[in-house]
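Letter 133 of the sequence shown, counting from 1, is numbered 132 in numbering that gives the first Met the number 0, and no numbers are missing.
To be clear, the hints were calculated from the coordinates, so they are not data collected in a lab. Check the hints yourself; a few may be wrong.
[Stated by the list, open to error] Derived DSSO-like pairs (lysine-lysine); straight-line CA-CA distance at most 30 Å:
#1 Lys-14 / Lys-97
#2 Lys-132 / Lys-86
#3 Lys-97 / Lys-37
#4 Lys-86 / Lys-14
#5 Lys-97 / Lys-86
#6 Lys-93 / Lys-37
All values derive from a computational prediction rather than experimental measurement.
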Amino acid sequence: MVNISSVFGFIGVPKQSAYNAAKFAVRGFTESLRQEMKLERQPVQVSCVHPGGIRTNIANSARMGKTENAEAQRKGFDKLAITTPEKAAEIIVKGILKNESRILVGPDAWGIDAINRLLGAAYQPLVERFSRKNLYN
Numbered sequence: 000m001v002n003i004s005s006v007f008g009f010i011g012v013p014k015q016s017a018y019n020a021a022k023f024a025v026r027g028f029t030e031s032l033r034q035e036m037k038l039e040r041q042p043v044q045v046s047c048v049h050p051g052g053i054r055t056n057i058a059n060s061a062r063m064g065k066t067e068n069a070e071a072q073r074k075g076f077d078k079l080a081i082t083t084p085e086k087a088a089e090i091i092v093k094g095i096l097k098n099e100s101r102i103l104v105g106p107d108a109w110g111i112d113a114i115n116r117l118l119g120a121a122y123q124p125l126v127e128r129f130s131r132k133n134l135y136n
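Between the sequences and the hints, there should be enough to build the whole structure, so can you do that?
Quick look at the structure:
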């Protein structure tokens, strides 16, 4: 079983509360289910995928409120989306075949995971500054 979370299943970001809540929930559900399958000795592999920015049309297709920042947010996302869909698929398939519990997709996913692990909640001021500078200026 493969569930798709996000790097926003590791950290919360401004103006994405509902999205963050959903992605944290996917992560928690997947981690619990993986443990249950192991505990019950079930032959079911369970992985959670945490993609960073994937170079797709998602930001341009997303419904955003009519705010002055909507276009800046789209451009900011496009600038940060560095992993191609083909590379993402390769990483995900490799992670599934290796039965990885967490599959981090893209260098930004690895970086965000590391920041969260190293800083704990102290990452929040960094995200606030980054968001002001790059997404909500």
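Hint by hint, work out which the structure violates, then give me just those numbers in ascending order.
Of the numbered hints given earlier, the structure breaks just one, which is hint 1.
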